[in-house]
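Novice: The lines below spell out each chain.
Number of protein chains: 2
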Amino acid sequence: MTASAQVGARVRRARGIRTRESILRAAVDLASVEGLEGLSIGRLAQELGMSKSGLFAHFGSKEELQLAAIDTANEMIIEHVIRPAIANPRGMPRLWSLCSRWLEHVEKKLFRGGCFFTAASFEYDSRTGVVRDRIALMMRTWLGTLSRAVEGARACGHIKASVDPDQLAFEIETVAIGAFWAFLLLDDQEAMAKARATILNRLKSLATPKCPRFAR
Amino acid sequence: MTASAQVGARVRRARGIRTRESILRAAVDLASVEGLEGLSIGRLAQELGMSKSGLFAHFGSKEELQLAAIDTANEMIIEHVIRPAIANPRGMPRLWSLCSRWLEHVEKKLFRGGCFFTAASFEYDSRTGVVRDRIALMMRTWLGTLSRAVEGARACGHIKASVDPDQLAFEIETVAIGAFWAFLLLDDQEAMAKARATILNRLKSLATPKCPRFAR
DNA sequence: CACAAATACGAACGTTCGTGCTATTATAAT
DNA sequence: ATTATAATAGCACGAACGTTCGTATTTGTG
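From first to last, the protein sequence lines are chains A and B.
Position in the first sequence counted from 1, then plus 1287, gives you my numbering.
Position in the second sequence counted from 1, then plus 1287, gives you my numbering.
Be aware that one or more of the hints could be misleading.
No more than 16 Å apart at the CA atoms, straight line, and that leaves these computed lysine to aspartate or glutamate pairs for EDC-like [claimed, not checked]: (1) A:K1481 with B:D1474; (2) A:K1395 with A:E1458; (3) A:K1481 with B:E1458; (4) B:K1481 with A:D1451; (5) B:K1395 with B:E1477; (6) B:K1396 with B:E1366; (7) B:K1349 with B:E1391; (8) B:K1481 with B:E1366; (9) A:K1481 with B:D1453; (10) B:K1349 with B:E1324; (11) B:K1481 with A:E1477; (12) B:K1395 with B:E1351; (13) A:K1481 with A:E1458; (14) A:K1396 with A:D1420; (15) A:K1396 with A:E1366; (16) B:K1481 with B:E1458; (17) B:K1396 with B:D1474; (18) B:K1481 with A:E1366.
Some residues of chain A that are not near chain B, with every Cβ distance over 10 Å (derived) [as the list claims (entries may be wrong)]: (19) I1304; (20) S1319; (21) G1329; (22) R1399; (23) G1401.
Simulated from the structure, these hints should not be mistaken for lab results.
For each residue, glycine too, the CB sits at the ideal point set by N, CA and C.
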């Protein structure tokens, strides 16, 4: 197959990709509310005003749709949380931005049902299979991103050298999950602000004199 | 209706109540894995070797089954976590036992799928209706129990008077949820032990000289 | 314009869902 | 032992589920 033929094929598939993307955007939103298992193809097709079979053809199975939805949600996190955070200078500013935006994506309802990955985590935490594995992978990757940001702050001398990056990353994520829980289930309107303050205090307590001002 | 007729009716209903209880025990286990919405009557009947309609007659609707399952899970928590904890002397020992047993119920798999209420929390946190309301009520009640134990410890002079019971209760619950997440989804075998240590350290940091030794 | 590929649709498959009805069995009181 | 009623089973229902298939429509390219 020549390069031009590949390009031709890619161009020809342009429309399919576009609708596939719109399907996945809706799927992520729906799944964040109804759960990845509760997500149904008929319901999704109805919401998009298209046929069940037409939608189905894009994925071939429900499981593939679920996996694609997870990937889409992940890309949304990269786009709205990680990428803008990475734009900040390395060290504490970047780390704090990562934390703040991770909390923000729930407040701003990036996903209709709150945090897609937290919901998926607890939906699949006692199952087996590729869907569970993919969710676990995403969460490990996210923890890794957080951990590397901590490591970066340590390398910059913004936080004490004694800090364990993995440990602190996990602590931060725990505070966030707790906040999501209080905010979404218990309707605690101040939960997110309290979590932001908790993380901020924790980071400040670890900061060195060399650390620049990082929270506006 | 006379009193004896009521007693008679109650006795007559003995068998029904027994099977109802066995249904609910299985329902709680199944729901802790598949979710309260994924819990299906046919599947449950099959697991118990009884007919769908026979099982259904005990509840009248799926929603009633879900609510009854929530109540049953709650009673299991009271039985296996709260009651034995309350048996400890008021103050720090009782508070610590509450924390430790709350973590323990997941390690010991009181529910097949880990923590019934944490799973249900994140399944229903962006829905409306009586099921969600019941789950939220249970979690608020649990937080209240935890908070009252903190208050008791403060009244005993076991922890500093400056401690905010609601705040500390929430912190403890957050650590627990984070541990469940790491233990169940990420297969972190040390997550529960780490959470136990985290809470223990936190409590010790708040303890007064008057506080008795409380962790074996 | 014509052709071929990509895309979407409609209908139907077998299964399972929750939920009614009716009949049958089990049980406790008389 | 008879009887009233509680408890369970059997059967059927309409709807929704994921999935398959053949056909129609749209699309970009030659």
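Novice: Work down the list of hints and note, for each, if the structure agrees.
Specialist: Results for each hint:
A threshold of 16 Å between alpha carbons decides the hint, and for K1481 (chain A) with D1474 (chain B) the separation of about 29 Å lies outside it, so the pair is violated. For the hint linking K1395 (chain A) to E1458 (chain A), the alpha-carbon distance of about 23 Å lies beyond 16 Å, and the restraint is violated. Under the criterion of a C-alpha separation no larger than 16 Å, the hint pairing K1481 (chain A) with E1458 (chain B) is consistent with the structure, at around 11 Å. Under the criterion of a C-alpha separation no larger than 16 Å, the hint pairing K1481 (chain B) with D1451 (chain A) is consistent with the structure, at around 14 Å.
A threshold of 16 Å between alpha carbons decides the hint, and for K1395 (chain B) with E1477 (chain B) the separation of about 14 Å falls inside it, so the pair holds. Taking the CA atoms of K1396 (chain B) and E1366 (chain B), the gap is about 14 Å. The hint holds against a cut of 16 Å. This hinted pair does not check out: K1349 (chain B) and E1391 (chain B) have alpha carbons roughly 30 Å apart, beyond 16 Å. With a C-alpha separation of about 25 Å, the suggested pairing of K1481 (chain B) with E1366 (chain B) is violated against the 16 Å cut-off.
Among the hinted pairs, K1481 (chain A) with D1453 (chain B) is consistent with the structure: their alpha-carbon atoms are about 13 Å apart, no more than 16 Å. Between K1349 (chain B) and E1324 (chain B), the direct Cα distance comes to roughly 9 Å. Compliance with the 16 Å bound is thereby established for this hinted pair. Distance check on the hinted pair: K1481 (chain B) and E1477 (chain A) sit about 28 Å apart at the alpha-carbon level, beyond 16 Å; violated. Among the hinted pairs, K1395 (chain B) with E1351 (chain B) is inconsistent with the structure: their alpha-carbon atoms are about 28 Å apart, more than 16 Å.
Distance hint between K1481 (chain A) and E1458 (chain A) is fulfilled; the C-alpha atoms sit about 15 Å from each other, no more than 16 Å. Taking the CA atoms of K1396 (chain A) and D1420 (chain A), the gap is near 25 Å; set against the 16 Å cutoff, the hint is violated. At most 16 Å may separate the alpha-carbon atoms for a hinted pair to count; K1396 (chain A) and E1366 (chain A) meet this at roughly 14 Å. Restraint check for K1481 (chain B) and E1458 (chain B): satisfied, since their Cα atoms lie roughly 15 Å apart, inside the 16 Å limit.
Note on K1396 (chain B) and D1474 (chain B): the hinted pairing holds, with a Cα-Cα distance of about 14 Å set against a maximum of 16 Å. Straight-line distance between C-alpha atoms of K1481 (chain B) and E1366 (chain A) comes to about 33 Å, which puts the hinted pair past the 16 Å bound. Distance check for I1304 (chain A) against chain B: the nearest CB is about 29 Å away, which clears 10 Å, and the non-interface claim stands. Distance check for S1319 (chain A) against chain B: the nearest CB is about 7 Å away, which does not clear 10 Å, and the non-interface claim fails.
No beta-carbon of chain B is positioned within 10 Å of the beta-carbon of G1329 (chain A); the least distance is around 16 Å. With a minimum CB-CB distance of about 7 Å to chain B, R1399 (chain A) fails to clear the 10 Å threshold, and the non-interface call is violated. At the 10 Å boundary, the C-beta of G1401 (chain A) falls inside the reach of chain B, the nearest C-beta of that chain being 5 Å off.
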